[in-house]
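Engineer: Chain residues, written in single-letter form:
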Amino acid sequence: MSYHESPAPISADAVDALFVAIVEVCETSFFAFVESCEPVRFAELVGRLAPPMEPPVEMQFPALKRRDGTSGRAAFDSGRVDRSKVSEWVKASLSFTGTAFSGTIDVLLPMRLARQLVASLLGLSQEVELHEVELREHQVFDGIGEFANMICGAWLTDLSGSQAFNLDAPEVGRMPFDWNPLADSSADGEQGYRLCVDDLPWRIRVRPSND
Amino acid sequence: MAEETTAVAATRPLNILIVDDSATMRTMIRRVIDLTELPIGTLYEATNGLEALHILETCMVDAVFTDINMPVMSGYELLTEIARRESWNDILRIVISTDGSQLRQEEVRELNVSLYIRKPFRPEVVRNVLSRIASAHQR
Numbered sequence: 000m001s002y003h004e005s006p007a008p009i010s011a012d013a014v015d016a017l018f019v020a021i022v023e024v025c026e027t028s029f030f031a032f033v034e035s036c037e038p039v040r041f042a043e044l045v046g047r048l049a050p051p052m053e054p055p056v057e058m059q060f061p062a063l064k065r066r067d068g069t070s071g072r073a074a075f076d077s078g079r080v081d082r083s084k085v086s087e088w089v090k091a092s093l094s095f096t097g098t099a100f101s102g103t104i105d106v107l108l109p110m111r112l113a114r115q116l117v118a119s120l121l122g123l124s125q126e127v128e129l130h131e132v133e134l135r136e137h138q139v140f141d142g143i144g145e146f147a148n149m150i151c152g153a154w155l156t157d158l159s160g161s162q163a164f165n166l167d168a169p170e171v172g173r174m175p176f177d178w179n180p181l182a183d184s185s186a187d188g189e190q191g192y193r194l195c196v197d198d199l200p201w202r203i204r205v206r207p208s209n210d
Numbered sequence: 000m001a002e003e004t005t006a007v008a009a010t011r012p013l014n015i016l017i018v019d020d021s022a023t024m025r026t027m028i029r030r031v032i033d034l035t036e037l038p039i040g041t042l043y044e045a046t047n048g049l050e051a052l053h054i055l056e057t058c059m060v061d062a063v064f065t066d067i068n069m070p071v072m073s074g075y076e077l078l079t080e081i082a083r084r085e086s087w088n089d090i091l092r093i094v095i096s097t098d099g100s101q102l103r104q105e106e107v108r109e110l111n112v113s114l115y116i117r118k119p120f121r122p123e124v125v126r127n128v129l130s131r132i133a134s135a136h137q138r
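Note that the protein sequences, when read in sequence, are chains S and W. With the first letter of the first sequence counted as 1, position 143 gets the number 142 in numbering that gives the first Met the number 0; the numbers rise by one all the way through. With the first letter of the second sequence counted as 1, position 110 gets the number 109 in numbering that gives the first Met the number 0; the numbers rise by one all the way through.
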């Protein structure tokens, strides 16, 4: 079921338990059908999102300025660049300590999917779709933090059995502008999985700590 | 369900306190409660145990739905404080937490928690709990 990006630093049982937790959370509280996603399809789904914009000029060539003296970042910040054309991804990150192992879990989603999931959790899918209700960014962030919290909690509950574990509060924010959702992060010691909900791609990464 | 609702309608409405640091979860629980046809009085909200204690000290609350992991004061500390005060003996305590470990459940069970709901949960779970609370409240 899974398409991981590197040899698993966590056991196969733990990986299976993670997928059980993901499915349970998506179906039970977010009313979403989740599928694992092979790399080719994942890339296709990422491509179907709003077309990615070129990263600001100074991110590619830090010393470079435009003829008018502005940098790409300035153009972006000033609103002259259409933000709606940027594929925006958010990340909910959560550290945990437990008897099985400790580490960090990251949930990475396009803002569109994040909004869809939070609207579903709140029973507002129709209202949001019809633009009768607008979810604000902080509401989406809070809801996605809870999404990550539930996945991690359900996973660790399964892994830890009778033992207690600790979850830190989730930290949620936008991914850096130049982050590539297709990038392989296995070199950083992360275990990543590609998934999709309603043909919208998302990723989950687990980084066990050495403690 | 209809009989239950009718029977409860004659009693004093339930005042409920929702304690969770996630505004989304508080909203979700509030929406589930709003959708029940049970006689609900005031719904109070707190973002941590300390805020919840202030509400309990000043308002009449029949049932508390609390998370465990929260900043400032955890749900465990809140439940310990509630258990310590005799005047709050009748308050029904329900935990809603992502931490479903047996150890955590046993810890709070010693603090007179009536029910431990593990996240994720279906909305019907909260609705059914409320029906039971309302029935007990009526007696």
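Hints in this document: simulated from the structure, not taken from any laboratory. The structure presented is a predicted model; accordingly, all values stated were derived computationally and were not measured. All residues carry an ideal CB built from backbone N, CA and C; glycine is no exception. Among the hints, erroneous ones may be present.
[Stated by the list, open to error] Estimated spans, in silico, between C-beta atoms of each pair: (1) W:Glu56 x S:Ser208: 37 to 43 Å; (2) S:Ser208 x W:Leu34: 39 to 45 Å; (3) W:Leu102 x S:Gly172: 28 to 34 Å; (4) W:Arg126 x S:Glu26: 42 to 48 Å; (5) S:Asn179 x W:Arg83: 50 to 56 Å.
[To be verified] Covered stretches of chain W, going by a simulated chain S footprint (3 or more residues, C-beta under 8 Å): (6) 49-61; (7) 98-104; (8) 119-127.
[To be verified] From the structure, some residues in chain W lie toward chain S, with a derived Cβ separation under 10 Å: (9) Leu34; (10) Glu36; (11) Ile39; (12) Gly40; (13) Asn68.
Engineer: The structure should be examined with respect to each hint, and the outcome stated for every one.
Structural biologist: Outcome of the hint check:
1. W:Glu56 x S:Ser208: 37 to 43 Å: With a Cβ separation near 41 Å, glutamate 56 of chain W and serine 208 of chain S satisfy 37 to 43 Å, so the hint holds.
2. S:Ser208 x W:Leu34: 39 to 45 Å: Holds: the Cβ-Cβ distance is about 42 Å, inside 39 to 45 Å.
3. W:Leu102 x S:Gly172: 28 to 34 Å: holds (32 Å)
4. W:Arg126 x S:Glu26: 42 to 48 Å: 18 Å Cβ-Cβ, so the 42 to 48 Å window is violated.
5. S:Asn179 x W:Arg83: 50 to 56 Å: holds (54 Å)
6. 49-61: Since 0 is below three, the answer is violated.
7. 98-104: holds (count 6)
8. 119-127: holds (count 4)
9. Leu34: The hint holds - leucine 34 of chain W has a Cβ within 10 Å of chain S, the shortest such distance being about 8 Å.
10. Glu36: At about 16 Å, which exceeds the 10 Å cut-off, the nearest Cβ of chain S leaves the hint on glutamate 36 of chain W violated.
11. Ile39: violated (17 Å)
12. Gly40: violated (22 Å)
13. Asn68: holds (6 Å)
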